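Those protein sequences? They're chains C and B, same order as listed.
For the first sequence, counting from 1, position 242 maps to 242 in my numbering; every step adds exactly one.
Just add 1000 to the spot in the second sequence (first one is 1) and you have my numbering.
Just to be clear, a hint being listed does not mean it is correct.
Said to hold, decoys possible - Below 25 Å or equal to it, Euclidean Cα-Cα: the simulated SDA-like pairs (lysine to any residue) are: (1) LYS1202(B) / GLU1005(B); (2) LYS1202(B) / VAL352(C); (3) LYS1082(B) / ASP254(C); (4) LYS1202(B) / ARG359(C); (5) LYS1232(B) / ARG1213(B); (6) LYS1082(B) / PRO186(C); (7) LYS1014(B) / GLY125(C); (8) LYS1014(B) / ARG354(C); (9) LYS1082(B) / GLY125(C); (10) LYS1202(B) / ARG1213(B); (11) LYS1014(B) / ALA356(C); (12) LYS1082(B) / SER76(C); (13) LYS1025(B) / GLU1005(B); (14) LYS1025(B) / ALA1164(B); (15) LYS1025(B) / PRO1086(B); (16) LYS1082(B) / ALA356(C); (17) LYS1014(B) / VAL352(C); (18) LYS1082(B) / ARG1124(B); (19) LYS1082(B) / LEU44(C).
In short, the hints are calculated from the structure, not lab data.
If you're wondering where the values come from, they're calculated on a predicted model, not measured in any experiment.
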Amino acid sequence: MSQGRHARRAAAPAAPPSAPRPASPGPGRLTFLGAVRGELCKALSLRSTYVLASVDAVLLVVGAALMAWVSAFSASLDPATGGRIANPPDMPDAMLWSSVGSFVVTCLTVTGIFGVMAFTAECSGGLLSSSLTAVPRRATFLGAKATVTAAIAFLASLLGLLAAWPVCRMLYAGVAAASGAESRLPWVTLLGGAAVLALGALMGLGLGAVCRSTAGGVFALLGLVMIVPSALSVVSIAGDRFAWLQSVAACLPDRAAGTFLTGGLQIVAHGAAGTEGTPGVEVDVTVGASGADAASGAAAASGGHAGSPLVTWATQPMDSGVIDGVFVPSWWQAGLIVLAWAVALYAVGLLVLRRADVR
Amino acid sequence: MMTIEGVTKRFGAKRALDRVSFEAKDGRVTGFLGPNGAGKSTTMRVMLGLIRPDAGRTLIDGRPYASLPSPMRAVGAVLDAKSAHPGRSAEAHLKALALANGIPARRVDEVIELTGLGSARTRRAGTFSLGMAQRLSIAAALLGDPHNLVLDEPINGLDPEGIAWVRALCRRFAAEGRAVLLSSHLMSEVALTADDLVIIAKGRILETSSLDRFVAAHSAHTMRVVTPQPDKLRAIFAPAAEVSVERTALAYGEPQDGVAFRIRGADLRAAADVFARAGLPLYALAEERASLEQVYLQLTHDQAEYLGTTEGSPR
Chain C
1 MSQGRHARRA
11 AAPAAPPSAP
21 RPASPGPGRL
31 TFLGAVRGEL
41 CKALSLRSTY
51 VLASVDAVLL
61 VVGAALMAWV
71 SAFSASLDPA
81 TGGRIANPPD
91 MPDAMLWSSV
101 GSFVVTCLTV
111 TGIFGVMAFT
121 AECSGGLLSS
131 SLTAVPRRAT
141 FLGAKATVTA
151 AIAFLASLLG
161 LLAAWPVCRM
171 LYAGVAAASG
181 AESRLPWVTL
191 LGGAAVLALG
201 ALMGLGLGAV
211 CRSTAGGVFA
221 LLGLVMIVPS
231 ALSVVSIAGD
241 RFAWLQSVAA
251 CLPDRAAGTF
261 LTGGLQIVAH
271 GAAGTEGTPG
281 VEVDVTVGAS
291 GADAASGAAA
301 ASGGHAGSPL
311 VTWATQPMDS
321 GVIDGVFVPS
331 WWQAGLIVLA
341 WAVALYAVGL
351 LVLRRADVR
Chain B
1001 MMTIEGVTKR
1011 FGAKRALDRV
1021 SFEAKDGRVT
1031 GFLGPNGAGK
1041 STTMRVMLGL
1051 IRPDAGRTLI
1061 DGRPYASLPS
1071 PMRAVGAVLD
1081 AKSAHPGRSA
1091 EAHLKALALA
1101 NGIPARRVDE
1111 VIELTGLGSA
1121 RTRRAGTFSL
1131 GMAQRLSIAA
1141 ALLGDPHNLV
1151 LDEPINGLDP
1161 EGIAWVRALC
1171 RRFAAEGRAV
1181 LLSSHLMSEV
1191 ALTADDLVII
1201 AKGRILETSS
1211 LDRFVAAHSA
1221 HTMRVVTPQP
1231 DKLRAIFAPA
1241 AEVSVERTAL
1251 AYGEPQDGVA
1261 FRIRGADLRA
1271 AADVFARAGL
1281 PLYALAEERA
1291 SLEQVYLQLT
1301 HDQAEYLGTT
1311 EGSPR
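Okay, chain C solo, but in the shape it has when bound (with noise of 0.2 Å):
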């Protein structure tokens, strides 16, 4: 037996083991660049990445295209002849950013998945052993993770919004200068609105690393983000009893995202209704998030006779506080309640694959 071995040893094969010494791998070693750089190699050889920031992106485009003429066909129209008005009036300039970012809730969706999906495609067969082999450390792993997933959800959706942002203005007939308050709305929309995205994927990636599969991962997300809200709304129909219920709801990440993008701004239509009669009665419409609404309300308001626009627009700052009971988050309040979803829900996915046993 034992001879047999010593005769195998001899008869192996002389061609790959004994080739001449490789040369050597070099002095580097582990470092969180290096990570960042490995989980970069990672992310753009996937095709999911590709195809989710190819959908974040583009929907990011049809939604405020969508949004905008909308927006501006509701304006044009005049209710009284069902008519279009020869000369609609001048959108207020932050219209045309709610419209700019309108689809940034939606696609919070979008980033989120791409986020599950960042961690979970680790999970298939012994990816995550050889990835954790790799870098052992499990706080780096996850981090480099975060940082390329967050970069990659940020890029995408920021190159969606700046398209948006010219659709939107070629679809509005006319949009009054910024004034006030409204400058930081390009800000507060293109880059919080890309970095609400950003920090979307992150959710997802900490509850991608707490479910450890798509499927559980994705429809927590979808939890978070759809369902919850949806129960909540329903609840809050039962009335003020439950007012602690709609600061819940107020504080969840799609509708502290739909806040943090109004930037703290409402948009209200002064319509004087012209009819004959009863000149100077003004309505009052007011919105906040949702330009659409505003702009509907508005040529309601109108009432005007054809080629006669009488709604005038303005910008008001939104209240916030607790209102009737109910904790109102201002915008950039708001802002700090996404990024702590983020960060809370990256912890538990931190903690959750410190501790685990990858088998």
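Dock chain B against the given chain C, drawing on the hints supplied.
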């Protein structure tokens, strides 16, 4: 060198590892042998920081795995055949691992060549056969040109050429003074490659020894004799009470008028001398050792986690 010290791990109520301790020394191939479910993979995963032990510790060249400055240079590990994302190319998989540890890109090309994956480098890993996937896992393990090699059943799915290649790889690593830990559930596989032997069953180490010592300790010497005159043979050994002579089957190709015997307790030289002087015609005379596989099976039989039964023949 890889050191495992008193590692205990429970999964729920099941004790997967029970005070497991052993060393895989530099310059030697350590065969890690045990039936399915004995705890081989769990032990290896504890060593690589993938599973947190309830007690005990593991050291790679004297340090815990997670604290190594460059893990892939210290240890190359093959834990699963399917270690790459099915949608990712072999090249991208290796590149991502290399980047994390600051290993230059040309090393990726080298391991691709080394493992014979050159023609498949841009193919998605999901389209790989088991053998190809195993080669990719081995390529990943070699990226850091590591000082220690951990191979969990690396020959699964490999063709004979691939198996010989893995054996030669293990021998070369040991010859260069590195430590190799090679798990298998086949004694025959380990016997061909290993210097040291660690046998585990039901989460407990049953035996640690060098292969040579194990062979010497467990192989009873027997002799196989084929002769056309069985009565004469029996007569020769009749006075020797310490020698047992039992009939056994003829091997393929041996003359049909011969009768085969297994003789235990007699010295080969002395017996050959006696046969010659007695004028006993022999068709075959050879020393035999109990196969290591048999010894290993006996050792682990009562400990095996999952025992099969043969239909119709209750054990």
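Structure-based check of each hint:
no., hint, verdict
1, LYS1202(B) / GLU1005(B), "holds (17 Å)"
2, LYS1202(B) / VAL352(C), "violated (28 Å)"
3, LYS1082(B) / ASP254(C), "violated (39 Å)"
4, LYS1202(B) / ARG359(C), "holds (17 Å)"
5, LYS1232(B) / ARG1213(B), "violated (37 Å)"
6, LYS1082(B) / PRO186(C), "violated (48 Å)"
7, LYS1014(B) / GLY125(C), "holds (24 Å)"
8, LYS1014(B) / ARG354(C), "holds (22 Å)"
9, LYS1082(B) / GLY125(C), "holds (6 Å)"
10, LYS1202(B) / ARG1213(B), "holds (23 Å)"
11, LYS1014(B) / ALA356(C), "holds (17 Å)"
12, LYS1082(B) / SER76(C), "violated (61 Å)"
13, LYS1025(B) / GLU1005(B), "holds (14 Å)"
14, LYS1025(B) / ALA1164(B), "holds (23 Å)"
15, LYS1025(B) / PRO1086(B), "violated (35 Å)"
16, LYS1082(B) / ALA356(C), "holds (20 Å)"
17, LYS1014(B) / VAL352(C), "holds (22 Å)"
18, LYS1082(B) / ARG1124(B), "holds (12 Å)"
19, LYS1082(B) / LEU44(C), "holds (20 Å)"
Checked against the numbered hints above, the structure breaks hints 2, 3, 5, 6, 12, 15 and satisfies the rest.
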